[in-house]
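Asks: Chain by chain, the residues run as shown.
2 protein chains.
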Amino acid sequence: MKCKRCRKADAAVDLPSHNSAFCPGCFFLFFRRQVVEGIRTLSLLSPEDRVLVCVSGGKDSLVLWDVLMELGYRTEGLHIDLGIEGYSDRSREKVLAYAGARGKEPIVVDLRAEGIPIPEAAKRARKEECSVCGTVKRYFFNRIAARRGFTVVATGHNLDDESARLLGNLLHWDQDHLSRQHPLLPEMAEGLVRKVKPLWRVSELETAAYGFLSGIDYVTEECPMSLDATSLVYKEALSLIEEKMPGTRRHFYQGFLHQNRDVPGNSGAPGRRECGNHDEKNTGGEASPPRKCISCDAPTYTETCSYCRLKERVTKARERL
Amino acid sequence: MKCKRCRKADAAVDLPSHNSAFCPGCFFLFFRRQVVEGIRTLSLLSPEDRVLVCVSGGKDSLVLWDVLMELGYRTEGLHIDLGIEGYSDRSREKVLAYAGARGKEPIVVDLRAEGIPIPEAAKRARKEECSVCGTVKRYFFNRIAARRGFTVVATGHNLDDESARLLGNLLHWDQDHLSRQHPLLPEMAEGLVRKVKPLWRVSELETAAYGFLSGIDYVTEECPMSLDATSLVYKEALSLIEEKMPGTRRHFYQGFLHQNRDVPGNSGAPGRRECGNHDEKNTGGEASPPRKCISCDAPTYTETCSYCRLKERVTKARERL
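The listed protein sequences derive, respectively, from chains A and B. Position 70 of the first sequence, counted from 1, bears residue number 78 in our numbering, the numbering being contiguous throughout. Position 16 of the second sequence, counted from 1, bears residue number 24 in our numbering, the numbering being contiguous throughout.
Possibly wrong hints are sitting among the right ones.
The list treats identical chains as one, so a pair stands whether inside a single copy or across any two.
[To be verified] Straight-line distance between alpha carbons at most 20 Å, and here's what the computed SDA-like set of lysine to any residue pairs gives:
{"no.": "1", "residue 1": "LYS10", "residue 2": "ASN27"}
{"no.": "2", "residue 1": "LYS112", "residue 2": "ARG58"}
{"no.": "3", "residue 1": "LYS252", "residue 2": "GLU136"}
{"no.": "4", "residue 1": "LYS252", "residue 2": "SER234"}
{"no.": "5", "residue 1": "LYS252", "residue 2": "VAL241"}
{"no.": "6", "residue 1": "LYS131", "residue 2": "GLY219"}
{"no.": "7", "residue 1": "LYS252", "residue 2": "PRO232"}
{"no.": "8", "residue 1": "LYS135", "residue 2": "SER28"}
{"no.": "9", "residue 1": "LYS131", "residue 2": "CYS304"}
{"no.": "10", "residue 1": "LYS112", "residue 2": "LYS252"}
{"no.": "11", "residue 1": "LYS252", "residue 2": "LEU235"}
{"no.": "12", "residue 1": "LYS300", "residue 2": "GLU320"}
{"no.": "13", "residue 1": "LYS252", "residue 2": "VAL227"}
{"no.": "14", "residue 1": "LYS252", "residue 2": "ASP236"}
{"no.": "15", "residue 1": "LYS252", "residue 2": "LEU240"}
{"no.": "16", "residue 1": "LYS12", "residue 2": "LEU104"}
{"no.": "17", "residue 1": "LYS252", "residue 2": "ARG48"}
{"no.": "18", "residue 1": "LYS252", "residue 2": "GLU230"}
Calculated from the structure, these hints are not laboratory results.
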């Protein structure tokens, strides 16, 4: 099959959801245009922004960093080493290798050095790993951005991530999460920086193809903590539908964004496990502005911020041993 | 494993979605209670009703008729012979056998005799079989009910049907269908009789178990016209989720009913194929009352009702041959 754009080279990437197929060159063009369009339509980024790109070492975040650099944005990478044996070491290596080859030195937060590696923290705090991970990541995203003068934090969530999350929220009629789900979360207060997901228009297959064709070396394994996360089940269900009806996933998520997002609902969601990586909330829509954490000065709606409370719980549990 | 209710007999039906397992006797009790509860909470039926039960010959509709008779409702069966070679003959036989054994004689509408068998009608009218089937069935449900003094039409749609339909409507943000989706569609005008789905709380697995344990002999094959209907894909996707997270399907649909059903949305649904059996709309929410079809007197919002228009199209196409 020939590329449907240039009609010259052989097609390398088949995209049934776009009823198209591209050669590598045309695919890069297509991919970048999708990202540009995603940024433009929702005003995610401006040329003046200083962008903190959160890079886990997986394909999505490295591809995001790659495209944003290509598009000329001022970016730096932030890698949070979660302290998961093996997996975290391999992830960190990939990030450092990618950045090094581009003359960049990523900011690295080492959760072992911070005394709060995810597996141990979850165990001590008796919480789900994904929930703990979400709390810790949000904290450092905001802290590093605020302290180092970044205007926005960008994460690599793609269309598959966002549509799976949307499906989960709808299955549980989780009004609270539905009202907050968006590729743009504006800055809510000083220290609660704007969060954006510039890859919201591109699928996992598309980021994988971009990563492969660009020769980006990334960690292919899933995070071992999230293997039974519900988000993977929703992804699988949507993949099944997408296979039979290409384009459904895209229409589903884009259709949602076209709504006013005020889907009515009783917030009847039981405490199911969600990968905290997909829960980038800023505030809960509270009316009053945040105050400062009495322990670390971070913006918070409670006396002590959730990170400091978690850390105290972990520390105390550790001391009891 | 012992029955979780009586704790004496062996469990015969395992229901993870209810975190339970029942012996046959307790399962019947459970099943009937679910139906009673479904009827009561939404005021679907009253003891005064004369209920026209639409029986296809499949498990759901025969189980519905069975339970409604057990519960003491005044029912008659209506079977529409769709004129699908083989399948329709086998379906009709099952209905007649079931009814005969209970001293009942179902009303039968033979679409071949009416000159509008589904396969030929769809071909001549150049429409999807499921869409044609939906139009024809709705027409006869209303006509037979109105002419024979039934106060309500009952169909065998179960929880799997309704949740799959809901998922499809949400994936396409089909506001029009979302606003009409409910186990109760009230009488909209004379001749547009009330429609109810008393099995909306029970799953396909549960109706199958009821059918099997009661010894009801039903057609097990799917309608050959609907084999590539999108509804089957949505069912499969929900089954995948249900298997990993039992109870999700039930919470999803019940959560929807608890909403005010005014899910905002652009009606951007493309003309996808849906089994018309699942599209029991009455009116479209038009403001003015219906008038009478100039051809057949049925209530309609256009000069000629959709059934008569379809029939004319089929007749003309046939004459052209």
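Asks: Determine for every hint whether it applies to the structure shown.
Replies: Consistency of the hints with the structure:
Taking CA atoms no more than 20 Å apart as the test, LYS10 paired with ASN27 passes inside one copy only; the shortest distance there is 13 Å, against 54 Å between copies. Within a single copy, LYS112 and ARG58 get their C-alpha atoms as close as 15 Å, which meets the 20 Å cut-off; across copies the closest is 77 Å, which misses it. Taking CA atoms no more than 20 Å apart as the test, LYS252 paired with GLU136 passes between copies only; the shortest distance there is 18 Å, against 34 Å inside one copy. For a Cα distance limit of 20 Å, the shortest separation of LYS252 from SER234 across copies, 15 Å, qualifies, whereas the shortest one inside one copy, 27 Å, does not.
Taking identical chains as interchangeable, the C-alpha atoms of LYS252 and VAL241 lie at most 20 Å apart whether they share a chain (17 Å) or sit on different chains (8 Å). In this assembly of identical chains, the alpha carbons of LYS131 and GLY219 never lie at most 20 Å apart, being 34 Å within a copy and 47 Å across copies at closest. In the homo-oligomer, the alpha carbons of LYS252 and PRO232 lie at most 20 Å apart only across protomers (18 Å), although the nearest pairing inside one protomer, at 30 Å, exceeds that limit. Taking CA atoms no more than 20 Å apart as the test, LYS135 paired with SER28 passes in neither setting, with 45 Å inside one copy and 27 Å between copies.
In this homomeric assembly, LYS131 and CYS304 never come within 20 Å of each other (Cα to Cα): the closest approach is 23 Å inside a single copy and 72 Å across copies. Taking the shortest alpha-carbon separations for LYS112 and LYS252, neither the intra-copy value of 42 Å nor the inter-copy value of 43 Å comes in at or below 20 Å. In this assembly of identical chains, LYS252 and LEU235 lie within 20 Å of each other by CA distance solely across copies; the values are 13 Å between and 25 Å within a copy. Taking identical chains as interchangeable, the C-alpha atoms of LYS300 and GLU320 lie at most 20 Å apart only when both belong to the same chain, with a minimum of 17 Å there against 74 Å between chains.
With identical chains, the CA atoms of LYS252 and VAL227 are never at most 20 Å apart, being 29 Å at best within one copy and 27 Å at best between copies. Taking identical chains as interchangeable, the C-alpha atoms of LYS252 and ASP236 lie at most 20 Å apart only when they sit on different chains, with a minimum of 10 Å there against 25 Å within one chain. In the homo-oligomer, the alpha carbons of LYS252 and LEU240 lie at most 20 Å apart both inside one protomer (19 Å) and across protomers (11 Å), since each shortest distance falls under that limit. Taking the shortest alpha-carbon separations for LYS12 and LEU104, neither the intra-copy value of 37 Å nor the inter-copy value of 56 Å comes in at or below 20 Å.
With identical chains, the CA atoms of LYS252 and ARG48 are never at most 20 Å apart, being 31 Å at best within one copy and 38 Å at best between copies. Taking the shortest alpha-carbon separations for LYS252 and GLU230, only the inter-copy value of 19 Å comes in at or below 20 Å, while the best intra-copy value is 25 Å.
The structure is inconsistent with the numbered hints 6, 8, 9, 10, 13, 16 and 17, although it conforms to all the rest.
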